[in-house]
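With these hints in hand, go ahead and build the complete structure from the sequences.
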Amino acid sequence: MKSVLGDRRAIAILLGPALVVYTLVMLVPVVWSFGYTFVSGNPLEGFRFAGLSNFSRLVDDPDVHAALLFTLKYAVIMTIGQVVIGYTLALFYVFVLRRSSTLVRTLVFFPVVVPTVAVALLYQKIFQSAPRDGIVNELLVNVGLDRVDWLGSGTTAFIVIVVMDIWRSVGFYGVLIYAGLIDIPDDIIESARIDGARGWSLFRRIVLPLSLPILLSSIIFSINGTIKVFDSVLALTNGGPGSSNTPLTLYMYRTAFAYSDYGYGATIALLLTIMCFIVTLFIFRSARRDITT
Amino acid sequence: MLLDTEAQAPAPGRAPARPGRRPGAARRSVRRLLVALAIAALLVVEVYPLFWMFINSLKSSNEFLNTPSWSLPVDYRWDNYTAAWETGQLATTIRNSVVATLPSLFFIIVLGVAAGFTLEVMVWKGRNTVLLTILAGIMVPGQMILLPLFTIYFELHLTGSLWPLIITYTGHGLPLTVFMMATYFRAIPREIFEASTIDGAGMIRSFRSIGFPMVRNAVLTVALVQFFLIWNDLLFAITFANRRDLNTIQAGLLNFSGQYGSLDYGPLFAAICITIGGILVLYLALNQRIIQGLAAGAVKG
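Here the protein sequences line up with chains H and A, keeping their order.
The numbering used here puts the first residue of the first sequence at 1, with every later residue one more than the last.
The numbering used here puts the first residue of the second sequence at 1, with every later residue one more than the last.
The set of hints was computed from the structure by calculation and includes no laboratory data.
Predicted model, so just to flag it, every value in this text is computed and none were measured.
A portion of the hints provided could be inaccurate.
To be verified - Derived DEER-like restraints, expressed as beta-carbon distance ranges:
hint : chain 1 : residue 1 : chain 2 : residue 2 : range
1    : H       : Leu139    : A       : Leu220    : 41 to 47 Å
2    : A       : Asn242    : H       : Trp200    : 52 to 58 Å
3    : A       : Leu158    : H       : Gly16     : 18 to 24 Å
4    : A       : Leu34     : H       : Thr23     : 55 to 61 Å
5    : H       : Pro185    : A       : Ala36     : 27 to 33 Å
6    : H       : Gly6      : A       : Asn242    : 43 to 49 Å
7    : A       : Trp124    : H       : Phe203    : 45 to 51 Å
8    : H       : Ile159    : A       : Leu220    : 36 to 42 Å
9    : A       : Tyr76     : H       : Ser153    : 35 to 41 Å
10   : H       : Phe55     : A       : Leu34     : 56 to 62 Å
11   : A       : Tyr76     : H       : Leu139    : 23 to 29 Å
12   : H       : Ile219    : A       : Ala91     : 40 to 46 Å
13   : H       : Leu103    : A       : Glu194    : 43 to 49 Å
14   : A       : Val99     : H       : Ser191    : 54 to 60 Å
Here a beta-carbon is modelled for each residue, glycine too, at the ideal position from N, C-alpha and C.
As structure tokens, then:
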């Protein structure tokens, strides 16, 4: 029986194709890309060995510093926004709407599945200021405030990016945390109520501690997604105005394809991969803690 | 306390009003008003932008420039949709998206489910190493495999077709699929497969007639997760299929906006509406599955 469960021919037939595709599309390119970090040039003009110069350039490049800073700033603000608003939403579903929350959950979730470019173009129009105002500026003018050239300056464009991406993703975090909250056994909450816990103290002493694991996974999942931000920024502002809102992913893409420097592009990609790797280590550590508690 | 437990009764939000019976009644209706306001605010924020886009997709450029953007269209310009369909080459981009997505999904499912089965149900030396190696792929960002793949596809003269997208989506989607499938197979008692081997079935037979049917529901979940990841991909789509006639929906929309977006407002809005509308139909049909699937994919990924 053991020999059937370990049948080599079956293993080869069932696992072989997946392993071959995975190796050719993922493993080989990752190693190959690592190799690119030691050269400069591109496939059309040929490559020259560049030693470690790509790495020293990476360390000194002010554009990389700016892109790294943008990526971190975006990741921190988005993570806080997604998790805090998502948690609030989940509390609203569980404790206020209770069993009738399905319709609201479904509606709020919808933007999650809409293609990013469509959302970005929609937001360009919502926050438009020329040749005519979009709905946001119309609102501002109607309540007596000044209209804003939203996509014209780095700071306001950043606000639009964050608002858009929160709008797009918050239904997802609402559902994710909701799933964690309904796992809290009813009788624990019920007995806390009998002991006199209400509102804030019920939340502070019972709900919050019991939902810490799902909160932690949401935070890590959010960081993991936001440091790879690409589509929404590319489609909304193309990294602009100027290069004020360019994440590492987009800077890598430009370096490789607009400036045809594969070597340096691969070096930036490696930096990005290392960042993802560090976050993943945290995922594994927190996952293990989930099991032991 | 009595009031609180009453509010816990089934079908809340429609708790029967008993006017004048208790002092809590007034407080409860204030509470209900607040809840209604919160729901309304939430829906305005999440749904109104979509409605706003729809009404503006029916206006002429002239009307869009000269009337408030929230007003309803004066005459309904449905021809914006035909204009969007033609200038945006939506027939082509939709076809490209379908041609790139469906084969990728098929390969991901067939290869991923079989691999998940082998790695979780079967017993052999080294399977943990292989599993970890595949799982490591979940964290690799697309940028890290972009340049070598581009070189490979260029050398193989595949760049004029959608094959680069199909191959890349399949390989890139496998790690998460294998991981999710392995988790689902873990939930099935191994005795079932041991019994089938005692009955004389080989492992391939066990997989085809027991393993695969038992995870059929999970396969739909995984397929939905992968569908949205592929359908909404932009990075690979603009890198490997940037020729106008190979554009997927996302890339095509981006190019359309770049070329005509500042002039033809109506058709641009219409093109976005068509893009979102297609997804909306799928979402209306399968929303609970989609929501559960994406949440499950996140927790496991």
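- request: Indicate whether the distance between the beta carbons of Trp124/A and Phe203/H respects the range 45 to 51 Å.
  value: holds, 49 Å
field: Hint check for Ala91/A and Ile219/H - Cβ pair distance inside 40 to 46 Å
entry: holds, 43 Å
query: When you take the CB atoms of Leu139/H and Leu220/A, is the distance between them in 41 to 47 Å?
result: At 42 Å between Cβs, range holds.
field: Pairwise beta carbon distance, Val99/A to Ser191/H, judged against the given window 54 to 60 Å
entry: At 57 Å between Cβs, range holds.
- prompt: When you take the CB atoms of Tyr76/A and Ser153/H, is the distance between them in 35 to 41 Å?
  reply: holds, 37 Å
field: Outcome of range test on Cβ distance (Tyr76/A, Leu139/H; 23 to 29 Å)
entry: holds, 25 Å
query: Taking the beta carbons of Leu34/A and Thr23/H, is their distance inside 55 to 61 Å?
result: holds, 57 Å
query: Do the beta carbons of Leu158/A and Gly16/H sit within 18 to 24 Å of each other?
result: holds, 23 Å
43 to 49 Å as the expected CB spacing between Glu194/A and Leu103/H, which holds or is violated: holds, 46 Å
query: Quick one: are Ile159/H and Leu220/A within 36 to 42 Å, going by C-beta?
result: holds, 39 Å
task: May I ask you to test the hint 43 to 49 Å on the CB atoms belonging to Gly6/H and Asn242/A?
output: holds, 47 Å
message: Just to be sure I understand the hint, the distance between the Cβ atoms of Pro185/H and Ala36/A should be within 27 to 33 Å; is that true here?
response: 30 Å Cβ-Cβ, so the 27 to 33 Å window holds.
The structure fails none of the hints (numbered hints given earlier).
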